[in-house]
Amino acid sequence: MAQIPQLEKIASQVRRDIVRMVHAVNSGHPGGSLGCTEYFVALFNHVMRQSPEPFDMDGQNQDLFFLSNGHISPVYYSTLSRSGYFPTEELSTFRKIDSRLQGHPTTHEGLPGVRIASGSLGQGMSVAIGAALAKKQNGDDRLVYSLHGDGELQEGQIWEAALFAPGHKVDNLICTVDANGQQIDGSTDSVMPLGDIGAKFLAFGWEVMTIEKGNDMATVVEGLEKAKSLTGNGKPVMVIMHTEMGAGVDFMEGTHEWHGIAPNDEQLAEALNQLEETLGDY
Amino acid sequence: MNAYTNSGSKDTRSGFGAGLLELGRTNPNVIGLCADLTGSLKMNAFRDEFPDRFYQVGIAEANMMGIAAGLTIGGKIPFTGTFANFSTGRVYDQIRQSIAYSGKNVKICASHSGLTLGEDGATHQILEDLGLMKMLPGMTVINTCDFNQTKAATLAIADYEGPVYLRFGRPKVPNFTAEDQKFEIGKAVILTEGSDVTIAATGHLVWQALEAAQALASEGISAEVINFHTIKPLDEEALLNSIGKTGCLVSAEEHQKFGGLGESLAGVLSQKQPTPQEYVAVNDSFGESGKPADLLVKYGLDAKNIVAAAKRALERK
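Line by line, the protein sequences are chains A and B.
Position 258 of the first sequence, counted from 1, bears residue number 258 in the numbering used here, the numbering being contiguous throughout.
Position 205 of the second sequence, counted from 1, bears residue number 205 in the numbering used here, the numbering being contiguous throughout.
One or more of the hints may lead you astray.
[Stated by the list, open to error] Where chain B lies over chain A, by a calculated footprint (3+ residues, C-beta under 8 Å):
no., segment
1, 81 to 93
2, 128 to 134
3, 208 to 216
4, 255 to 266
[Said to hold, decoys possible] Derived DMTMM-like pairs (lysine to aspartate or glutamate); straight-line CA-CA distance at most 25 Å:
no., chain 1, residue 1, chain 2, residue 2
5, B, K298, B, D180
6, B, K172, B, E161
7, A, K169, A, D185
8, A, K136, B, D159
9, A, K226, A, D216
10, B, K317, B, E236
11, A, K136, B, E288
12, A, K169, B, D52
13, A, K136, B, D48
14, B, K134, A, E109
15, B, K304, B, E179
16, B, K10, B, D284
17, A, K136, B, D52
18, A, K228, A, E109
19, B, K311, B, D159
20, A, K169, B, E315
21, B, K257, B, D302
22, A, K228, A, E8
23, A, K136, B, D302
24, A, K228, A, E53
25, A, K235, B, D36
26, A, K136, B, E161
27, B, K232, B, E179
28, A, K169, B, D284
29, A, K136, B, E22
30, A, K169, B, E22
31, A, K235, B, D52
32, B, K257, B, E179
33, A, K235, A, E257
34, A, K169, A, D189
35, B, K232, A, E109
36, B, K291, B, E128
37, B, K134, B, D284
Bear in mind the hints are in silico, worked out from the structure with no lab data behind them.
Virtual Cβ for every residue (Gly too), placed ideally from N, Cα, C.
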């Protein structure tokens, strides 16, 4: 289990991977990826009880993770690779033809670590619930994690799932919302105000907690460990995690502008100047 | 020609319910999910005997499809139950991404398909579901003809690894296939052999096709009736062998002409053996309220219309 300084080193390398991957193909989603880097690194290197090998689809006696907002695939792929799921060289195939690293994650090409396709939003919470129910059916006491965008909460299926999980006491489930307040067309407040997300889930019967500084590694680790301690009490757990879209690259921070565009050559150089190469570039 | 006897009319959905109950007793991985239609889907017996393996999801079909996909991760075999309309059109993107593209072993079981759900009318009478589902890569599409076959198909799809759409219906219809039949996915069943015209039917119209064949026989026309219970993968060999004998085809289905069995058959024939074909299907329209039998007549799907189509096909040889 990696400790905070090591996790921060991994995070710096993951951020380099993210900007290099999207730059190489001039497409992809760097903003949300950078904002969720601490979450992913903490999850796969400290919080979750899982091992990359041998990877199988059923994942029995492993903690499982589902990415519902599939467009932040760069941070997912980089983290999986830096956690031993597949060789880091493969990151260079992102979004290219014949790659296992599709624009949005898929099981279709057999990439280790991915157990569901995502990209069309709003579906991952239901899938995570199903996987959590299977664990209960199998007498498997491991946990299921999922990540969702805040804009994604505008999808109706999320609220079907939000009703189901407390109703069926799915208490081996920790869902996290990346509350960065941004979506493609602008701020979430300007596109479709979400109101008090925590209060909504609380009213639905969830155990709700907040991570205020979602881009501070120690805070994220502490928050996710606390979330774990809340499982097993008859309620699903919802973590509202406040992050900064584009975190770690100053000119990408705090705006929706970098949701789905790639940096040019100069911007890449500027970004990499701000991110230490800690584990070796792919 | 072979004679078939109705051993007592039953609804195909009860065949599903009976099959699911048997699976509950024989396969511990089988899980039932239903969206507030447990009685209509005949899933009560499974629910009552295996309450820990049954999930009531409420009126939330999209969530049901996602949960089903998730349950497969861990080796479960989920059977979802709701009306055909809510099993397909309402949740198409969920099926496409979380089940089909993700290659999940989900069995999507759909009752009240087609016109014969009757009085509820066009909002519920989906006539596009076969087309929607057959277009999804990797999806197996089955439309059974009676109680016994629906039960056999329900058992068979549990042993098959991969996503399946199983379509059945509401009304009581003749039960005429063998009680102990082995259901082979993708293998069409020749019900009666003939030499003048092939009638390829699916679902509730298989019985109508048998009645039509009898009427044709009384006029000296020899019809071969084939039950294409599996729309995808399609049994091309059975089709081509039959057409090799008869030289013309009638397709019969309780579905839109566009996207249905007839279109799949035509696709094979146009490439391998161009053949005169007549369609017995709904022709680009919605249904309406009414008694099932009356609706089949009004929309041209009954035995009489199959006879007329057979004669048209014969003339075009």
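Going through the hints against the structure:
{"no.": "1", "hint": "81 to 93", "verdict": "violated (count 0)"}
{"no.": "2", "hint": "128 to 134", "verdict": "holds (count 7)"}
{"no.": "3", "hint": "208 to 216", "verdict": "violated (count 0)"}
{"no.": "4", "hint": "255 to 266", "verdict": "violated (count 0)"}
{"no.": "5", "hint": "B:K298 to B:D180", "verdict": "35 Å, violated"}
{"no.": "6", "hint": "B:K172 to B:E161", "verdict": "30 Å, violated"}
{"no.": "7", "hint": "A:K169 to A:D185", "verdict": "36 Å, violated"}
{"no.": "8", "hint": "A:K136 to B:D159", "verdict": "23 Å, holds"}
{"no.": "9", "hint": "A:K226 to A:D216", "verdict": "15 Å, holds"}
{"no.": "10", "hint": "B:K317 to B:E236", "verdict": "21 Å, holds"}
{"no.": "11", "hint": "A:K136 to B:E288", "verdict": "44 Å, violated"}
{"no.": "12", "hint": "A:K169 to B:D52", "verdict": "13 Å, holds"}
{"no.": "13", "hint": "A:K136 to B:D48", "verdict": "20 Å, holds"}
{"no.": "14", "hint": "B:K134 to A:E109", "verdict": "22 Å, holds"}
{"no.": "15", "hint": "B:K304 to B:E179", "verdict": "28 Å, violated"}
{"no.": "16", "hint": "B:K10 to B:D284", "verdict": "30 Å, violated"}
{"no.": "17", "hint": "A:K136 to B:D52", "verdict": "10 Å, holds"}
{"no.": "18", "hint": "A:K228 to A:E109", "verdict": "32 Å, violated"}
{"no.": "19", "hint": "B:K311 to B:D159", "verdict": "41 Å, violated"}
{"no.": "20", "hint": "A:K169 to B:E315", "verdict": "65 Å, violated"}
{"no.": "21", "hint": "B:K257 to B:D302", "verdict": "15 Å, holds"}
{"no.": "22", "hint": "A:K228 to A:E8", "verdict": "21 Å, holds"}
{"no.": "23", "hint": "A:K136 to B:D302", "verdict": "49 Å, violated"}
{"no.": "24", "hint": "A:K228 to A:E53", "verdict": "23 Å, holds"}
{"no.": "25", "hint": "A:K235 to B:D36", "verdict": "23 Å, holds"}
{"no.": "26", "hint": "A:K136 to B:E161", "verdict": "22 Å, holds"}
{"no.": "27", "hint": "B:K232 to B:E179", "verdict": "24 Å, holds"}
{"no.": "28", "hint": "A:K169 to B:D284", "verdict": "46 Å, violated"}
{"no.": "29", "hint": "A:K136 to B:E22", "verdict": "23 Å, holds"}
{"no.": "30", "hint": "A:K169 to B:E22", "verdict": "28 Å, violated"}
{"no.": "31", "hint": "A:K235 to B:D52", "verdict": "18 Å, holds"}
{"no.": "32", "hint": "B:K257 to B:E179", "verdict": "31 Å, violated"}
{"no.": "33", "hint": "A:K235 to A:E257", "verdict": "37 Å, violated"}
{"no.": "34", "hint": "A:K169 to A:D189", "verdict": "32 Å, violated"}
{"no.": "35", "hint": "B:K232 to A:E109", "verdict": "23 Å, holds"}
{"no.": "36", "hint": "B:K291 to B:E128", "verdict": "20 Å, holds"}
{"no.": "37", "hint": "B:K134 to B:D284", "verdict": "18 Å, holds"}
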